[in-house]
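Peer 1: If you want the building blocks of each chain, they are given just below.
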Amino acid sequence: MRIEIDPAGRESPWWVTIAAVVLAFGLVAVFIFFTGKDPSVVFAKMLGGAFGTTFGLTETLVKAIPLMLCGLGVSLAYRIQVWNIGAEGQFLVGAIAATAVTIYLPWLPGWATLPVMVIAGLVAGGIWGLFTALPKVWFNVNELIISLMLNYIGVLGLNYVVFGPWRDPKGMNFPGTPPFTDAQSLPVFGDSRLHFGLILALLAVVLVAVFVKSTRWGYELRLIGANPEAARHAGINLPRHIVVVMLLSGGLAGLAGMAEVSGVAHKLMYGISPGYGYTAIIVAWIARLNPFGIVVSSVLFGGLIVGGYSVQTIGLPSSISSLLQGAVLFFLIAGSILGKVRIRWN
Amino acid sequence: MELISQLLAVAIAAGTPLLFATLGGILTERSGIIQLGTEGLMLMGAVTAAMAFLATHNLLLSLVMVIVVTGVLGALHAFLTVTLRANQIVSGLAMTLFGGGLSAYLGKTITGMPLPGAVPKVDLAFLDGVPVVGPILGHLDVFTWGSLVLVVALHLYLNHTSWGLHLRAVGDNPATADVMGIRVQAFRYGCVIIGAMLMGLGGANLLMVFSPTWIEGMTAGRGWIAVALIIFARWNPVYALGAAYFFGLLDTLGFRFQLAGSSIPSYFLKMIPYIITIAVLILVGWRTKNKLSGSPQALGVPYIREQRF
Numbered sequence: 001m002r003i004e005i006d007p008a009g010r011e012s013p014w015w016v017t018i019a020a021v022v023l024a025f026g027l028v029a030v031f032i033f034f035t036g037k038d039p040s041v042v043f044a045k046m047l048g049g050a051f052g053t054t055f056g057l058t059e060t061l062v063k064a065i066p067l068m069l070c071g072l073g074v075s076l077a078y079r080i081q082v083w084n085i086g087a088e089g090q091f092l093v094g095a096i097a098a099t100a101v102t103i104y105l106p107w108l109p110g111w112a113t114l115p116v117m118v119i120a121g122l123v124a125g126g127i128w129g130l131f132t133a134l135p136k137v138w139f140n141v142n143e144l145i146i147s148l149m150l151n152y153i154g155v156l157g158l159n160y161v162v163f164g165p166w167r168d169p170k171g172m173n174f175p176g177t178p179p180f181t182d183a184q185s186l187p188v189f190g191d192s193r194l195h196f197g198l199i200l201a202l203l204a205v206v207l208v209a210v211f212v213k214s215t216r217w218g219y220e221l222r223l224i225g226a227n228p229e230a231a232r233h234a235g236i237n238l239p240r241h242i243v244v245v246m247l248l249s250g251g252l253a254g255l256a257g258m259a260e261v262s263g264v265a266h267k268l269m270y271g272i273s274p275g276y277g278y279t280a281i282i283v284a285w286i287a288r289l290n291p292f293g294i295v296v297s298s299v300l301f302g303g304l305i306v307g308g309y310s311v312q313t314i315g316l317p318s319s320i321s322s323l324l325q326g327a328v329l330f331f332l333i334a335g336s337i338l339g340k341v342r343i344r345w346n
Numbered sequence: 001m002e003l004i005s006q007l008l009a010v011a012i013a014a015g016t017p018l019l020f021a022t023l024g025g026i027l028t029e030r031s032g033i034i035q036l037g038t039e040g041l042m043l044m045g046a047v048t049a050a051m052a053f054l055a056t057h058n059l060l061l062s063l064v065m066v067i068v069v070t071g072v073l074g075a076l077h078a079f080l081t082v083t084l085r086a087n088q089i090v091s092g093l094a095m096t097l098f099g100g101g102l103s104a105y106l107g108k109t110i111t112g113m114p115l116p117g118a119v120p121k122v123d124l125a126f127l128d129g130v131p132v133v134g135p136i137l138g139h140l141d142v143f144t145w146g147s148l149v150l151v152v153a154l155h156l157y158l159n160h161t162s163w164g165l166h167l168r169a170v171g172d173n174p175a176t177a178d179v180m181g182i183r184v185q186a187f188r189y190g191c192v193i194i195g196a197m198l199m200g201l202g203g204a205n206l207l208m209v210f211s212p213t214w215i216e217g218m219t220a221g222r223g224w225i226a227v228a229l230i231i232f233a234r235w236n237p238v239y240a241l242g243a244a245y246f247f248g249l250l251d252t253l254g255f256r257f258q259l260a261g262s263s264i265p266s267y268f269l270k271m272i273p274y275i276i277t278i279a280v281l282i283l284v285g286w287r288t289k290n291k292l293s294g295s296p297q298a299l300g301v302p303y304i305r306e307q308r309f
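In order, the protein sequences belong to chains B and D. Residues in the first sequence are numbered from 1 upward in steps of one, following the working numbering. Residues in the second sequence are numbered from 1 upward in steps of one, following the working numbering.
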């Protein structure tokens, strides 16, 4: 018997994803055990906090919205092997730009405010994406590092406006802008916190799915993803695709930032993102870049964030959820080998 | 004179953690494996050092712990990328997320606790008479001397030993190296593990010398800057020395400006290292366009013996 690894093998079977999540929880359970807590209690607390009550469930969906949009954005880039890890920064500049509309254009008529804010978020995120794409296509600069440096610049930019010029003078020194008016806030469902951004995110999912599946552009993206060199020889304009994809990738993350300030926080404030842009990387990866898979994985990880908050009540840090995220990713890539293993009986 | 000597001291203090991490990255990438988990490994190194030192008050023992912990994490990356041939970029990202989460989790109880005792300095008082560099060289701490020794050792290893040539063959053309009887996988494992240890030491250095209190996410992107410095230094340990000190200087420049009463908001000054990183990468990319960047030829490509050609 011989075990061989065939690099051109199929995708790993679907249950690998579930196994990866289960194993990651198992690994984290070990850490929890060693810090003297009962893992089953902790996980029950997380699960109950995220999905057990109506409030928890809506909170999970509220957190799933930015994850869905950012995850969708990075999945587009990963599709053509552009490693955009800058969704966090793109999210933040989208949030800043949408807030800038409320600060500098308060005279806009009510019906125009939200569309202008959406456009501002999309454009700002897209431009932030271009800052990554253009150096890559012009000077062959590593997009990972640039997109990450732009995240730090985005955070500092956010801190500057909320601690500095945009700080609410009536806000008791709280680092945030004045609250948005009703015309500047996305409508919510009933009297919950779940907002219209969910519709935007689902719409984006369907659009991306349709475009990737049934247009020439989507076909070319899939071709580049399968083999960039072959695609180049087939006459596909790789740099143009990189620029367009990063524009969209950043734009979707920027839209997520707009939805977060306008739909949830109703103001721009310090620490507006608990790392949505980084979690989005795993959201996209665990869904294997499939748009509809991203809907599922973003709800799962939205639940993980909410569950992470609820374990704080029993004295555990919420960083337990980022620990889980890293572990899931490890098991997932280790599991991806399973589609490539061949066992020969001769 | 006074100013130059002060700036040099600052550049060395802030640049040494970067230097450790960059050297680790250079060693790893010279074997052909990309390691993007630097940020996570530095954080794990820092939190391990903090916890071990608070518990034992023993510097050497703490550093051994750092080496063990980050070595294990390095072995994990090596197993995923060398044996399983998983995507190196994703594995590195997982390492950064995992290291960031685990260090925050472990360090929760010691957040903000100042470390007792300082890192010993190597006193060479007879150098005090030498202008400019004398007062600095005479009072460097053990980390700095360790990093300087490492630069020389790595330079000699890569360029003047047969093992170093073997390593370069592994990174440039693993198939040929394999035919020559060089154990490709063993070299890659070794380099990834030792590289991860150096990154962990960089984190420990940052914690013990530069800002001696554990805070969640205290590396603030330095791991990623170290990844950029590898490219800036053209995979050369001696260039890495200059690159790391230059960025160390930038790191503290914002702080200096503020002390000097500058009216620029501190948020913009803190952006300087990140902006310069981008600018430098663009500059390097522009200058090496259509030329060799000095990158190992087989960087990021898994080696599959059954498929060599």
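In short, the hints are calculated from the structure, not lab data. Hints may contain errors.
One-sided and incomplete, this derived list gives chain B residues near chain D with beta-carbon spacing under 10 Å [to be verified]:
| hint | residue |
| --- | --- |
| 1 | Val141 |
| 2 | Gly164 |
| 3 | Val188 |
| 4 | Phe189 |
| 5 | Gly190 |
| 6 | Ser192 |
| 7 | Leu194 |
| 8 | Phe196 |
| 9 | Ser310 |
| 10 | Ile320 |
| 11 | Ser322 |
| 12 | Gln325 |
From a predicted model like this one, the values you see are computed outputs, not experimental measurements. Beta carbons are placed, not taken as given, at the ideal position from N, Cα and C, and that holds for glycine.
Peer 1: Taking each numbered hint in turn, which are not upheld by the structure, reported in ascending numerical order?
Peer 2: Violated: hints 3, 4, 5, 6, 7, 8, 9.
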